[in-house]
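Trainee: Just so you know, the protein sequences line up as chains W and E, in that order.
Here the working numbering is used: the first residue of the first sequence is 59, the next is one more, and so on.
Here the working numbering is used: the first residue of the second sequence is 10, the next is one more, and so on.
No lab work stands behind these hints, which were simulated from the structure alone.
What you are looking at is a predicted structure, and each value in this text was computed from that prediction instead of being measured.
Among these hints, one or two may not hold up.
Claimed, not checked - Simulated DEER-style distance windows between Cβ atoms:
hint : chain 1 : residue 1 : chain 2 : residue 2 : range
1    : E       : ALA25     : W       : ILE462    : 36 to 42 Å
2    : E       : ARG57     : W       : LEU335    : 29 to 35 Å
3    : W       : ASP240    : E       : GLU129    : 49 to 55 Å
4    : W       : ALA407    : E       : LEU121    : 52 to 58 Å
5    : W       : GLN503    : E       : LYS33     : 43 to 49 Å
6    : E       : ALA53     : W       : LEU109    : 19 to 25 Å
7    : W       : ILE462    : E       : ALA53     : 44 to 50 Å
8    : W       : GLY309    : E       : VAL68     : 44 to 50 Å
What the hints assert, rightly or not - If we take Cβ atoms under 7 Å as the criterion, some of the chain W residues that face chain E in the derived model are:
hint : residue
9    : ILE76
10   : LEU78
11   : VAL93
12   : LEU200
13   : VAL329
14   : ASP346
15   : GLY355
16   : LEU358
Ideal Cβ placement from N, Cα and C applies to all residues, glycine included.
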Amino acid sequence: MNAPAPRLQQLRLREHQIFLILSIVIGIVAGLAAVLFTVAITQTTHRLFGLAPSRTRLLLVPPLMSIVTGVMLAKLFPDVRGSGVPQTEAAYHLSKGVIRWRVPFGKFLTGVLCIGSGHSMGREGPSVQIGAGIASVAGQWLGLSPKRTRDLIPVGAAGALAAAFNTPVAAVLFALEEIIGDMNAALIGSAVVASVASVIVERSILGNEPLFHVPAYHLVHPAELVIYAGLGIVGGLVSLTFCKSLLWLRGLFLRLPPRTKAWQPALGGVVIGVVLLVSPAIMGVGYDYVDQALNGGLVLKTMAALCALKLAATVVSYASGNAGGIFAPSLYIGAMAGGTIGLLVRHFAPFPTAEPGAYALVGMGTLFAGIIRAPMTSVFMIFEITQDYQILVPLMVANMLSFIISRRYQPVPVYHSLLQQDGIHLPSPSTRAGSTNRTAGHVMQTDVALLPPDLTIEQAWRRFNAEAPLQYLVGADRHLVGVVQFEDLDKALAAGKGAKSLWSVVDHDFIHAHPDQAIDVVLDRLSQAGGILPVISRTDANHLEGVITLDDLLRRTPHTGGEQPVTSAT
Amino acid sequence: MTAPHSQDDEVEERSAFIHQEILKLATLMALAIAAFFVTRAIAASNRRMTERDAGEWYVRGERALGDGDSTGALDAFRHASVMKRGDRQYTLALARALVATDQRDAAERALLGLRESIPEDPEVNLELARLEAALGDANAAVRYYHNALYAPWPAERTDARRQVRFELIRFLLATHQSSRAESELVALTSDLPNTLPLHLEIGDLFLSVGDNQRALDQFEQALGLARQDRTALAGAGRAAFTIGDYEKAQRYLRDLPDPTDDLRNMRAVAELVLTGDPLATRIGSTARRQRLTDALSHLSHALERCTALPDHSQAPVLLHLANETAATTNELAHNHTLESDAIENGLELVNRGERAVTSACPPAQPLDRALMLIATRHGVAVQ
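One chain only, chain E, in its complex shape (with noise of 0.2 Å):
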């Protein structure tokens, strides 16, 4: 009989303290939830402070650079970046300065570590392409200068993609990769604002992969800005000089004031091959036979100063050369008609001559050059 009451005591007495129980948790838990709201605005206090005092390690780095101490920078955005952790100002900056510190491996793992978090932000990637070009793996380097071509770069900064595009072709130049520098340059022209310095940059690249035809478009277009611009009147005569349309390159650098020796010279040349080209359209038979006889009498001088220098290897090719240069002309007085055939195989003898002179007896005369470039420009040089 002492069980079941013993039972009903236990029984009792459990149910008791667990009401007291469940009433002691009830306030527990509401100290609990109390203490979150606390702990959670304290901790925002802390945050905010770190993150001030990560902004004032930044200003610090920043300071730091701008007196050339880049180990002091480097040691404030390494604290600003500790601190406000993933932040991709203050990362950048490190990056930055990393590189200044000639850490690029470093430098490279935490890009790394930020391009994880934000795959698309146009200057993390460009960052990487840079570090990468400096670290000599060309590949990466095109990759990341394209992620950062084709991110979203924010509105205000319309000349952004633009400027990362020189500087992939600027890259792509220097890594002697010219056929890819050329696509990205035809389609960097592609929406080009009309404005001079760009049309100056684009024209003097387009010149540096040799596609002299663009580039002079870009420098006519520049003129077209600008009739008198130096930079646009040297660009276009030399990018005409070598595609070898020597009455532009006449114009463009006749037009330009002071030129230098280089412009002077190719400004003598191409006059020279206007002058003295027998090949030309609207001259008569008389100009033609003139100007080839000009052009053989020219050779034979070049051909005897050459040959009289003493013990030279080339003389039995040189006087062969007069030789064949002395029967041409002799020919060329008793023959009343003037063939086109008899012109241009003169031009060939000219030109073999000629490249036979310039390679004996360098440097070669303007004159000695414009009639090689005469030769070449009437397809005559290849026979």
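Excised from the complex, chain W in its bound form (with noise of 0.2 Å):
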């Protein structure tokens, strides 16, 4: 009678096996799809340029080629636009790792023809999004159960990045400090694996060729740390401004009549044809150029230039709605940025220091890690590239400022940003590893009246006086589209405007949680909401789940147990 454990334990063990062949699979086929797309985006810039592109193609190419694709993100492939970065997370945290095969053929597509059409996009992004895309398409057809073919996502991005970019071990630490981010994930096993098969496979096909050619770099002399530091601090300002300045453009888009959607890569293509008009330079991935900062093969004023061009048109590009990476543009605006500090510091300084490559290498490591706000996968990803202990030190220094930096100024990490524009929230950390068994969706009560948005301020007043609370969610279906506060529609009314319209009183910035947040969470955020907590799902920031009041968390609470209570008859 006993036979079957046994078995049944063989058979689990065969299935760990077989997870993990399937992890070779996916890393050789996430590696082939990475390696067909940048043959595809060179042959495609190719097609479309030519050798030496005359100013017309320059300037055409770009909105017309967004025409096509802004119509594909927009009808067919909509879930694809941008890095693909956040939407793997998405997809790796909120959605069970299920993404349709509707998303890395369409990413392939779209990032081809976006980045092959000059717009200032990097490839790494997308192949993250297709090798995810790949896995959890092929866990699917496998048939395997929801936790395994969400444990394929990271390794899928794994082998996609460390083709990509051919940096095997930067490939697993991005896998598991961004797509999971969790550094102690148990899936690095199977990461890892994806990404050697990958690597393999790539370099049996492109050759061991590794992204840049970089010269032997090292300190000079000691007090070049402290320019190294100040280097830091720059790459930090740089990321910051990069950050900014596209979260405030993409939000602009945003906030434009869906219907132009369609129409919104082109106009970014119209900005990028014009920006490859002043210097072509800027065109698509760019790494040879940053070959060529990482060689000192740029005068200072070029690069200057390039990296504020370049900044400027990553942000146009991306915030339109084309499909590519900021991964790409971080490095390149960062060795644009250091080549240029080691320009001046090379004419300046009084003490010997390394050549202005050496400036470039560093600054590209402190814009990753300032922009994509991965320290310790920008570390390891130059090491990987240069293999070169002797430069760790000055890039620790840099990479650690900058992302001090950016952190302080913009403490949510420029992927989940994106994320939160498009409605998305991703869990943090604390809500992922569930502290605690009781969360908000175990508190919240979900028979909420929401007052209509198609109501005037004085008809919204007349409610407020008669129900007498602080604030009122507004909306209408569980569509949340905001807060009021009894406070502005009473100075609204006195200020005469009771016959507008309760719209131009709605906070649409408001404070929320989500289903999945511990009641310590709740606890704080209602501390700081007006008496309401609304309860939001993680992928629709405008789906009301509940509402959590102080009244529903102590009668919902319920006693766990424990000591006695310690009262005066005991």
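Build the complex: two chains, separate frames, hints provided.
Mentor: Printed below as a string of structure tokens:
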């Protein structure tokens, strides 16, 4: 009668083995996809621009291609705009790892057309989404459990990134640090296996060429560490400028009427066409120019100009809704910023300094750490590129400073902010850790009355007066548009704006909780909210799941046992 | 009783699932293998396209260079070397273009990068040597020149190593390292083909480093190939004159048609040395006396002319020398037997007097130079 138990154990072991083999296959396929993606971008650029593009082509190709991709992105593949890393994170954390087959396919197609037509964007972010998408689709096809399918996402992402960037260790770290958000994740083994398989495939096809040819750089004088620290500060500030301007411009585009969505990428294309006329060097991924900066092939004015132009062009390309990443642009901007500082230091420093290329290299790391906010990945990535320990100390100093500055003034990482702009709120690490069993979902009341947004201020004020809450939620049919405070209605009425729509006083940026958040978070948020804490969906910030009041919290939090309460009777 | 039953079910279920999973995984692997070969073929085609583009950029660069457009050439070579990284030909062209546009540091980095992968490439080392020479780092330049010299040159470029050594010698001469240049010249002559231009060039270089005997050898070998070669005659005459072989100098310079003023003067001096040397072999005592008397007479006139010039600061010295010359001339006239010591003393006086005259009243006339050279020739000048 006990025979099935060891058999069951054996089968479970077999399942683990199959998952490991699947990780290898996913790594290979993701690597192949990344290689194909790179090759397709090169071919597209070649076909669209030729060897030495004319001014007409430079001006017209980006907007014309963006018309095509704009329609595709709006009508066929709405989930593949931008980088792909935020969407991959959302799929991992919120959609149980389910990615539809259209996503990797659409990302490949639109990514190739957008980047190949000159948009200033990177190929690594899309590669991550393609790799993760392939992994998820494969998991679903194989009929894996939702948990296993979800586990394949970082595996596919690591495989694709390893091939796209030829840095296997950094790819694994990126999958853990950014996608999973946990450096101690149990998936590290599968990610490593996939990453190695992917790099082997990539090198067997493209050869063992590093992405950049970098001479051996090292610290020439101890005082240089101060300059590298300064570079870290500059890197942090440039990162902030990039993130803030990207989010600001994207916010503007998102506020445009939905019917313009298909044309927004073309609008970005027009700007990119003009920028390409000024400087074709910002076209596409731009690693050729990064290579030149690393090898001291560019002069001061060129590097400073390219730094500014690339930043602006990437912001426009991304914010207007094209498909492409910010991974490569962050390295490009960093190399140019670092190279500029390196040349200035070379000229003015009273002591011997390293080549400007060394500063360009460290600059790449600082921008990556500041923008992508994955400091470990950035250090290992540069190390893998250079294969030289000598530059690690300056790199770590600069990276940490850039990371700290960026985090101080832009607390939410850019990938998460981009998701938030789309109404998707990723769970924080503490929420993911699930430190408590009781969450907002357990204590919220789901039967909620919303104030219709088409009321006038006066009508709303009368409702308030009758029911006397401090704030009211505005919306209809669980679609929450914001909150309104009684105080604001009172002021508007006193100012004679009673006949105006309630919309004019609605606060769209309100304090809220998500159903999976712990009670301590709820308590903290409730103390900041005006008596009612809306609980909204993580995947749609306008979908109201319920509300929590202090009463709910007290009523629905059960006594969990433990010591008996001490009373006067005892 | 239910538990074993459900375990059995689970075993069965899992078995079936795993079986199905393995089948699908095998299909996936087969697809991956097929995809690998397809991707490899596409990547290879892409690589060929990129290489073609790189080649096209290179051709454009060469064309731009031909049109004198250094900046355009630089841009084109940059594209070519980025498209086909590490390509020797493109990187060398890029480095040359960078030098042409005065971006020597960037050129050095490009070449050093290339040298990392092909450290023994002669042309890369040669370009680096030229670059270091232009950057003023003589030691590095010589090091790279030597690397280029001892690098394996292609068999069809037999004279390449020699040309590098010529270049090194010229660089050493330009940086005033004559002894190193001479060593390189000696090494160069060890396996030299017997051709006129080479002998002429090496002879000229030996003259530059001051090794006149070897220079004369080279010019004589050149004359062995072309007896009437003007450059060889001039070089041989000059080398022979400098080492004091006035017979040869006279012979070579006499055969030289249309000599320059300098060479004509040299020939005249050589003839005067040969015809005015009182210590020459195979002449009689009368001729010796006559030659010494003529020399003293010339000195006497020269001193007289010089002292006649107004406000001369050297006048007392010259007067003293004139008196000494008159006394020696007088002594020579009354002394019937002429000892060799007396001739040498007379020559020493002539040498001293000529030096004073040419210093006080330049320029020196051919005979003045000839008399001083005669003294030098017989070691009298050092007394």
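Trainee: For a quick check of understanding: which of the numbered hints are violated here, in increasing order?
Mentor: Of the numbered hints, 1, 4, 10, 13, 16 do not hold.
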